[in-house]
Structures are given as C-alpha cells and as structure tokens.
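K.L.:
Next come the chains, spelled out residue by residue.
2 protein chains.
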Amino acid sequence: MTVTDEFLGNNETYAAAFSGPLALPPRRRLAVVACMDARLDIFSILGLREGDAHIIRNAGGAITEDAVRSLVISQRLLGTRHILLIHHTDCGMLTFTDDEFKTDIQHEVGMRPFWSPESFTDLDEDVRQSIRRIKASPFITHKSARGFVFDVGTGKLHEVK
Amino acid sequence: MTVTDEFLGNNETYAAAFSGPLALPPRRRLAVVACMDARLDIFSILGLREGDAHIIRNAGGAITEDAVRSLVISQRLLGTRHILLIHHTDCGMLTFTDDEFKTDIQHEVGMRPFWSPESFTDLDEDVRQSIRRIKASPFITHKSARGFVFDVGTGKLHEVK
Numbered sequence: 001m002t003v004t005d006e007f008l009g010n011n012e013t014y015a016a017a018f019s020g021p022l023a024l025p026p027r028r029r030l031a032v033v034a035c036m037d038a039r040l041d042i043f044s045i046l047g048l049r050e051g052d053a054h055i056i057r058n059a060g061g062a063i064t065e066d067a068v069r070s071l072v073i074s075q076r077l078l079g080t081r082h083i084l085l086i087h088h089t090d091c092g093m094l095t096f097t098d099d100e101f102k103t104d105i106q107h108e109v110g111m112r113p114f115w116s117p118e119s120f121t122d123l124d125e126d127v128r129q130s131i132r133r134i135k136a137s138p139f140i141t142h143k144s145a146r147g148f149v150f151d152v153g154t155g156k157l158h159e160v161k
Numbered sequence: 001m002t003v004t005d006e007f008l009g010n011n012e013t014y015a016a017a018f019s020g021p022l023a024l025p026p027r028r029r030l031a032v033v034a035c036m037d038a039r040l041d042i043f044s045i046l047g048l049r050e051g052d053a054h055i056i057r058n059a060g061g062a063i064t065e066d067a068v069r070s071l072v073i074s075q076r077l078l079g080t081r082h083i084l085l086i087h088h089t090d091c092g093m094l095t096f097t098d099d100e101f102k103t104d105i106q107h108e109v110g111m112r113p114f115w116s117p118e119s120f121t122d123l124d125e126d127v128r129q130s131i132r133r134i135k136a137s138p139f140i141t142h143k144s145a146r147g148f149v150f151d152v153g154t155g156k157l158h159e160v161k
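Going line by line, the protein sequences match chains W and H.
If you count the first sequence from 1, position 66 lands on 66 in this note's numbering, and the numbers rise without skipping.
If you count the second sequence from 1, position 51 lands on 51 in this note's numbering, and the numbers rise without skipping.
Just so you know, the hints here were simulated from the structure itself, not pulled from any lab data.
Computed from a prediction, not measured in an experiment: that's the story for all the values here.
Cβ coordinates follow ideal geometry from the N, Cα and C atoms, glycine included.
Some clues are possibly wrong.
[As the list claims (entries may be wrong)] Label pairs and their in silico Cβ distance ranges:
1) W:Ala23 x H:Asp98: 30 to 36 angstroms
2) W:Asp5 x H:Arg112: 42 to 48 angstroms
3) H:Gly20 x W:Lys135: 33 to 39 angstroms
4) H:Lys102 x W:Pro25: 34 to 40 angstroms
5) W:Ala136 x H:Arg27: 17 to 23 angstroms
6) W:Gly153 x H:Lys102: 39 to 45 angstroms
7) W:Glu100 x H:Arg49: 29 to 35 angstroms
8) H:His158 x W:Ala17: 23 to 29 angstroms
9) H:Met111 x W:Glu6: 30 to 36 angstroms
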C-alpha cells in the first residue's frame, strides 16, 4: 500500500462523519498565508473551523505573484477583508541561498530556474517584507494584514511589529 | 476584539497542549497541492499528523510557477517524493473567466493584471492539466503524482484518471 492509499483510507473515516456542504465564501472573511512546512497544522494552530478562512501556503509563506493572485481572488470574489501571515522558526528557507540553489539545479538538470527561490536570512524581517509587498500591490485592495512567527518548539505565535 | 485576536486566543490553547519540536523534513515524503478553499481542512481530510507532509495551497490548487518553486524546494531540500493534488466541487474558480476578471480589475484599479487568474471550466480536466504541468516541468524531478477532487457535499475524495 502506498502512502497515498493509506491517506485515502483515512479519508473514508473522515467522510463517514462529514456533516454536509458549507457556503463557499469564508465565514470569518480571513485569508491566511503560511509556509508549507509539514509541522504547521493551520486549522489547529488558529482554532479554525471548516469554512472560516482561505488558506494559502507555499515555500516560506512568501508574498509571491501567485500569493497575490490568490489573495485578489479571495478578496474580490469571496469577500475576505483581513490577511494573517504565518512564518515559523527552523524554516527550510533559512538554510540556503537563491544563487546556490539555482546553480545546483542548473548543474543537475541543465536549465537554470527563471524564478526566485525566495530564501531569506531573517525571519522577522521576511514577515515585514511580506507585509510591504501586500501594501505595495495595486491588486490587493484591502490592506489589513498582521504577521506572525510560529515557534515549532512551543506551538506559540509571536507577532512581528 | 478582531477576528485575528480571537484566533490568537485559540493559539494559546493549542500551545498549552503542544508536545515540542518535530524534524523539518516531512516524515511521509509527501507534498500536497490543494485549493485554498475555506472548507478544505487538509490535515483532517487525509488524516495527516503534524510533520507528515508539505501543504501547498493557492486559488484552485493550480500548478503555477510558484507551486513549482515550492515543489522543487520540497523535493530537493526536504526529500519529498510523491505529490497529491486536491481540487474540489463548488470551486470559486469555476465562476468566472480570466478575461472578465482582468477587465474588472483594470476598470477598478487602473492596472490590468500581468498574471493569469487560472480560472477553469472542467474540474477533472483541470486536475489532469495540473498533472501534465508537473510531468512537463524540468525542475520537478520526482514525477509521482495523483490527482483528486474533494466533494464538499460528502467529504469524499474521488481520483481523477
């Protein structure tokens, strides 16, 4: 049995207790942008219930062009009005540089990435950088955003000012 | 009290029962790419535990350049080897066209998006499209990928072949 098959088995248990469809627009008008890290269960960390908030996740929780795309769809079509950013301690994005990552790929597969890997060196500063990108985007019209660092050792969120 | 403050209160409860740091690389060597939809609690749908899998999410669960970036970091730096895609019924991405979305934004804020909104018209076909993009990317070197549609009415995953 593959890993995916095992998780499909878990889905049968989930569906057996499922209580039916909720509305499409997020009930709490919130969009969360968080790192893809395996240790971050965003629903549990924030006590979210199904239907509360959009969850956007990528490597680092970066405000990339694609995160902007998702936030614009979230705000314009589905009515979210607040953004909550979650980065975290012990992040993989702190362990390499963009240049070395791109060069390694170039050596292995022949083609150099035409995109920025978005590594960073300072967690709090990267959260501030993300908020600055939100403020600067002409497409994100609702600018209410707060940024946090999740501590993978304690489970706590610390706000970045 | 704002919505964010309320969720920060929930985080105190979460942290009080937190059991300490896990390893950085995903234990099950899995990366999930899913839609940002508020009704999709990926940990619960798949019975994932903290530390099992990377979770990448955006509007539609699309394989965009940023999803490729995240998958490449997931595979090269953190050892994941399987990709699981989750789209879902009643998706917001079925409710508009890219052209009308970009024109609406152009009329409201003056600047036309230079990115594709990635709307689609056929759920199963969009899952297949995503898998094709994975297969075609020179940067994603581990191609093992399966795609599913989550039914927001029943809680069940249906595999797209």
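K.L.:
All the hints need checking, so say for each whether the structure fits it.
P.N.:
Verification of the supplied hints:
1. A hinted range of 30 to 36 angstroms for the beta carbons of W:Ala23 and H:Asp98 is inconsistent with their spacing of about 24 angstroms.
2. At about 45 angstroms, the CB distance of W:Asp5 to H:Arg112 agrees with the hint of 42 to 48 angstroms.
3. The hint said 33 to 39 angstroms for the Cβ distance between H:Gly20 and W:Lys135, and at roughly 36 angstroms that hint holds.
4. Between H:Lys102 and W:Pro25 the Cβ separation comes to about 21 angstroms, which falls outside the hinted range of 34 to 40 angstroms.
5. Under the hint 17 to 23 angstroms, the C-beta atoms of W:Ala136 and H:Arg27, about 38 angstroms apart, miss the expected range.
6. Range check, W:Gly153 to H:Lys102: Cβ separation about 44 angstroms, and the 39 to 45 angstroms hint holds.
7. About 32 angstroms separates the C-beta atoms of W:Glu100 and H:Arg49, a value consistent with the hinted range of 29 to 35 angstroms.
8. In this structure the supplied range 23 to 29 angstroms is violated for H:His158 paired with W:Ala17, their Cβ-Cβ distance being about 18 angstroms.
9. Remark: the range hint 30 to 36 angstroms for H:Met111 to W:Glu6 is contradicted by a beta-carbon distance near 46 angstroms.
In this structure, the earlier hints numbered 1, 4, 5, 8 and 9 are contradicted, and the remaining ones agree with it.
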